[in-house]
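A.B. asks: In order, the protein sequences belong to chains F and P.
Going by the numbering used here, the first residue of the first sequence is number 1, and it counts up by one from there.
Going by the numbering used here, the first residue of the second sequence is number 165, and it counts up by one from there.
Mixed in with the good hints there might be a few duds.
In the PhoX-like style, the derived pairs of lysine-lysine whose C-alpha atoms are separated by at most 25 Å in a straight line are [as the list claims (entries may be wrong)]:
id : chain 1 : residue 1 : chain 2 : residue 2
1  : P       : 553       : F       : 91
2  : F       : 84        : P       : 729
3  : P       : 661       : P       : 491
4  : P       : 505       : P       : 553
Rather than coming from a laboratory, the hints here were simulated on the basis of the structure.
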Amino acid sequence: MNDKLNQILKKQQEQVDEPHKKEDDVIQLVGFIIGQEEYAVPILSIQEIIKPIEYTRVPSVPTYILGVFNLRGSVIPLIDLRSKFKMDPVKVTEDTRYIVMKGHDNTAGFVIDRLTEAIRIKSSRIGPPPETIHAEKGLVYGIGMRDDNILTILKVEQLLKRDF
Amino acid sequence: MEDIQEILEDFLVEAFELIEQLDQNLVELENNPDDLELLNSIFRVAHTIKGSSSFLNFDILTGLTHHMEDVLNKARHGDLKLTPEVMDVVLESIDLMKSLLHAIRDNGNDTSVGIDITDICRRLDIISNGETMPASVVVAEEVDESAVPSSEEEDNTDYSKLSDKEVEDEIERLLKVRKEEDRKRRENTGATKAAAVPTPSFESLKDNSDNDSDDEAPKVAEPVARRSVGSESSNTAPAKKESASAMEQTIRVEVKRLDHLMNLIGELVLGKNRLLKIYDDVEERYEGEKFLEELNQVVSSISLVTTDLQIAVMKTRMLPIAKVFNKFPRMVRDLSRELGKQIELEISGEDTELDKSIVEEIGDPLVHIIRNSCDHGIEDGATRRANGKPESGLIQLKAYNEGNHIVIEITDDGKGLDPDLLRTKAIEKGMITEREADSMSDKEAFALIFRPSLSTAKVVTNVSGRGVGMDVVKTNIEKLNGIIDVDSEVGQGTVIKLKIPLTLAIIQALLVGAQEEYYAIPLASVLETVRIPLDEIYTIEGKNVLRLRDEVLSLVRLSDIFGVKQVYEGGEHTYVVVIGLAESKLGVVVDTLVGQEEIVIKSLGDYLQGIEGIAGATIRGDGRVTLIVDVAALMNLAKGITVDIRASAETVVKTKTVPSDYIVLAVDDSAMDRNIMKKSMEPIGVKVLEASNGQEALNMLKSAEYSIDAVLIDIEMPRMDGYTLAGEIRKYSKYKNLPLIAVTSRTSKSDRLRGVESGMSEYITKPYSPEYLESVVRKNIKL
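Use the sequences and the hints to build the structure in full.
C.D. replies: Take a look at the structure:
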C-alpha cells in the first residue's frame with residue numbers, strides 16, 4: 001500500500017517538475033528601446049504598461065526620479081531610464097510608455113522610448129554582461145544574443161533598489 | 165502544545181488588563197482604606213492571576229501572588245490596616261508581578277529572567293503576620309487562616325509555640341475538621357443553590373470570633389472549589405453581578421484588520437472626493453438639466469455615508485485616554501513619597517477617546533511632563549506654607565475635545581517657570597546669544613525647556629533634572645503633528661497644553677500652491693494664513709522675518725525649500741501660512757491658497773521613503789498626486805535657507821526691457837485675420853506667434869517654450885473655441901494674470917458677458933482699427 005502510494009506520488013511529482021524543466025530553458029522577456037539600444041526585462045516582473053500620464057515632482061531626489069504618479073489609487077515613483085543611463089532627455093512622443101515593474105517590496109514606473117515586442121529567448125543564448133558596458137554597475141543581468149541584434153537584459157530587483 | 169500556547173496568550177491578555185485596573189484601584193484604596201468593594205476587586209485580581217499561573221506552572225508568579233493574596237485577604241477582613249508603608253510593599257510586589265508577566269510574555273517562562281521574589285515575599289509575610297502573630301513560616305499562616313473560620317475555641321491556640329511536627333499534625337487535624345464541615349454543609353445546602361441559606365448559623369458564629377466571610381473557609385481546599393464557594397459568598401456576590409452587568413458586550417479584533425478596514429475607507433474617501441469634483445464639472449457643463457438633480461442626490465448621499473462610515477471606523481480604533489491616565493495616580497503617589505512632598509493628582513476627561521496609535525505614543529511625553537511638574541514644579545511643603553499656598557500641591561490632568569483635536573492639559577500650582585532664569589541658562593549653555601535672548605518673548609523663553617540638555621533644576625535627582633525628558637516630549641508630540649503650548653506664571657504654576665489630532669490616517673489639510681506645484685499642509689499645524697505686501701518682509705541677519713501683531717515670525721518660501729522652478733512672479737502681495745509645531749512657529753510663503761480638503765495619507769513606498777520635508781502623498785479629486793508636507797522637517801529645512809525673498813522677488817520682475825522681448829500670440833482660424841493682427845501690432849515692435857485654433861494655442865502655452873505676454877483670441881474656431889481656450893488658460897496659475905484679448909465679430913451683450921466669465925481681460929469687436937488694437941495691446945503688456 002505504502003509503496004503504491006509512493007509510486008503515485010513520485011509520478012505526480014515528475015509531472016509537476018517536467019514542464020518546469022522545459023520552460024527553464026526559455027526565458028520570456030519584453031523588449032523596449034531607450035535611445036539607440038534595445039533592452040529587455042523578464043515578462044513576469046512587469047505589472048503593466050501604460051501610456052504616459054501626469055506625474056507630480058518630488059523634491060530633493062536625483063534628477064532621474066521624475067516624481068510620483070497615481071496608478072488607480074496607488075502612489076508610484078516614476079523613473080526616467082534615459083536620465084538614469086545618462087542619456088539626453090527627449091520629449092514625450094506617441095510611443096513613450098511607462099512600464100510598471102514589481103519587485104519584492106517595491107513597485108515603480110519606468111519611462112521608455114518605445115516598446116518592441118515580447119521575446120522568447122533560450123537561456124543558453126544569454127551571456128554574462130561585459131565588464132565595461134554600463135556605468136551603472138549591477139543593473140545588467142546579461143546580454144541576449146538574437147539573430148539580428150543583441151539585447152541588454154536588465155535586473156529588475158536592481159532597478160527597483162533605491163540608490164541615493 | 166498549541167492549546168497551551170493559546171491558553172497562555174489568553175492568560176497574558178487577561179492578566180495585563182487586570183493589572184492596569186489594579187494600579188488605579190490600589191492608589192484609590194490608599195485614600196479610602198475602608199472601601200471593601202475596592203479591596204475585594206483587588207483581591208480577586210491577585211487571586212485570578214494566582215489561579216491561572218499555578219495552572220500554567222509559573223511557580224514564581226504563583227508564589228508571589230499567593231503572598232500578596234494573604235496580605236490583601238487580611239486587609240479585606242479588617243485584620244490589617246493599610247498604612248502607606250504597607251501599600252509601598254504591596255505596590256512593589258505588583259511591580260514585580262508585572263515584570264514577571266512581561267518575562268512570561270517575552271520568554272514563555274518566569275524563571276529565565278532571574279527575578280528574585282524571596283525578599284518581597286518575606287516582607288509581605290511580615291506584614292500579614294505583623295498584627296496577628298509573630299510567626300514567619302508560611303505554613304503556620306495558612307494554618308491560622310484555615311483555623312479562623314472553623315470557629316472552634318481551641319483553634320486559636322498560639323501556633324508559633326508549636327514545633328514543626330506539631331504544626332503538621334495540627335494541619336492534619338484541622339483539615340479533617342474542615343472536610344467534615346464541608347461535607348455537612350453540602351448536605352445542608354443540598355440542592356438549594358442559594359448561598360445565604362446554609363450559612364446563618366455558621367456566619368453568626370464567625371462574626372463572634374472575627375469578621376471573616378465564609379469564602380475564607382475553604383482556603384486550604386483546591387482553588388477551583390474555593391472559587392466556586394467564593395462566588396456564592398454573600399459578601400462578593402453583589403459585586404460580581406454588578407461587574408458582569410457593567411461589562412459591555414465586546415469582541416476582540418486584531419488591529420491589523422482594523423488597519424485594513426481603515427485603508428479601504430481611505431480609498432473610499434478618495435473616490436468620494438473624485439466624485440464631488442466630477443459632479444462640479446458636470447454641473448457646470450449641463451446646467452439646468454434634469455438628471456443633475458438626481459445625480460446630486462446620489463453624490464450627496466454617498467458623500468454623507470462615506471463620512472459616517474469613516475467616523476464609525478475611526479471610532480472602532482478609538483480608546484479612552486484613561487488607558488494612559490490610569491498609570492499616573494500611582495506614579496504621582498510614588499513620586500510624592502520619594503520626593504517627600506504632598507502632591508495630589510486630579511484627573512478629568514479620562515473618557516475622551518483617541519486613536520489607538522496616538523494613545524500608544526502619548527504615554528511617554530505625559531510621564532515626563534508629570535514627573536517634571538512633581539519634581540520642579542511643586543515646591544516642598546514648607547516652602548508652600550511660607551508662600552501662603554496649601555501645603556499639598558495639586559497637579560491637574562485634563563483631556564477634552566476641541567474640533568478635530570484632543571487637548572491634554574497638565575496644570576500644576578507649583579513655583580512656575582522663570583523666563584529670565586531660562587534665558588540666562590540658555591545663554592550659559594551657548595544655545596542662544598544674548599541678543600537673541602533679549603528679543604525673546606516670555607513664551608519663546610518657556611519654549612526653551614524643550615531644548616535638549618537645558619535644565620533649570622539645581623540638582624539632578626533620581627526623578628529628573630538631566631534635561632532629557634522635555635526633549636522627548638517635543639519629539640513625540642511632533643511625531644503626532646501635535647502642538648505644545650506652555651504658559652506659566654512665577655509663583656502661580658505652569659500650564660502645558662498638548663494639542664493632538666484625533667487620527668493619523670485621514671486628516672484635514674490646507675492645499676497651497678508654490679509656483680506650479682501644489683502641496684498639502686496638515687491643518688493641525690496651520691495656525692493662520694495672512695496676505696501681506698512684499699515690502700513688509702524684513703531681513704535680519706540674513707533671515708526673512710515678518711512682524712505679525714506683536715510677534716516676529718521667520719519666513720521662508722515653500723518653493724525655496726522644495727526647489728520649485730520659478731516660472732512667474734507673484735506680484736506685490738504674497739500669502740503666508742503660519743505653521744506651528746510643538747513649541748515653534750514659522751511663516752511659509754506660498755503663491756496661492758487653494759483651500760481646505762480632507763486627505764488620505766498614502767506612503768510614498770520604500771523607494772522614496774524618508775525624503776526630507778515630505779510626510780507622504782495623497783490623491784486629489786482630480787486624480788493628481790499631491791505631496792504632504794512634513795511640518796517638523798520643514799522647520800528644520802527652513803533653517804538652512806537664506807534666500808532674500810524681497811530681493812529675489814524683485815529680480816524676477818521684468819527681465820524684458822525692449823519691445824522685441826515681448827511675445828504676443830495671435831489665435832485665429834483665418835490666416836487673413838491673423839495677418840491683420842500682425843500688421844496692427846507692427847508699430848509696437850513685439851514678436852507675434854500664430855496659432856490656428858484653440859488647441860494649438862493651448863499646446864504652445866503648455867509647452868512653455870515661449871514666455872508669452874498676451875494672447876489675441878478669436879471666438880469662433882474649430883477644435884476649441886475662444887471661450888474654452890480662455891477657460892483652460894486660466895486653469896494654470898502661472899497664466900492667471902496673462903492678458904487675454906478677445907477679438908470677435910460677436911457683438912451682443914451676452915457674448916461679452918460670456919467673454920468675461922471665461923476669463924478674457926479685453927473684448928474687441930470686429931471690425932476694428934489697427935490703432936485701436938495696437939493701443940489695447942500696449943496697455944495690456946504695459947509698453
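A.B. asks: Now look at each hint and say whether the structure bears it out.
C.D. replies: Evaluated hints:
Among the hinted pairs, residue 553 of chain P with residue 91 of chain F is inconsistent with the structure: their alpha-carbon atoms are about 77 Å apart, more than 25 Å. Restraint check for residue 84 of chain F and residue 729 of chain P: the C-alpha separation of about 21 Å stays at or below 25 Å, so the hint holds. The straight-line distance between the Cα atoms of residue 661 of chain P and residue 491 of chain P is roughly 19 Å, inside the 25 Å bound, and the hint therefore holds. For the given pair, residue 505 of chain P sits about 13 Å from residue 553 of chain P by alpha-carbon distance, which is consistent with the 25 Å threshold.
When each numbered hint is compared with the structure, a violation occurs for hint 1 only.
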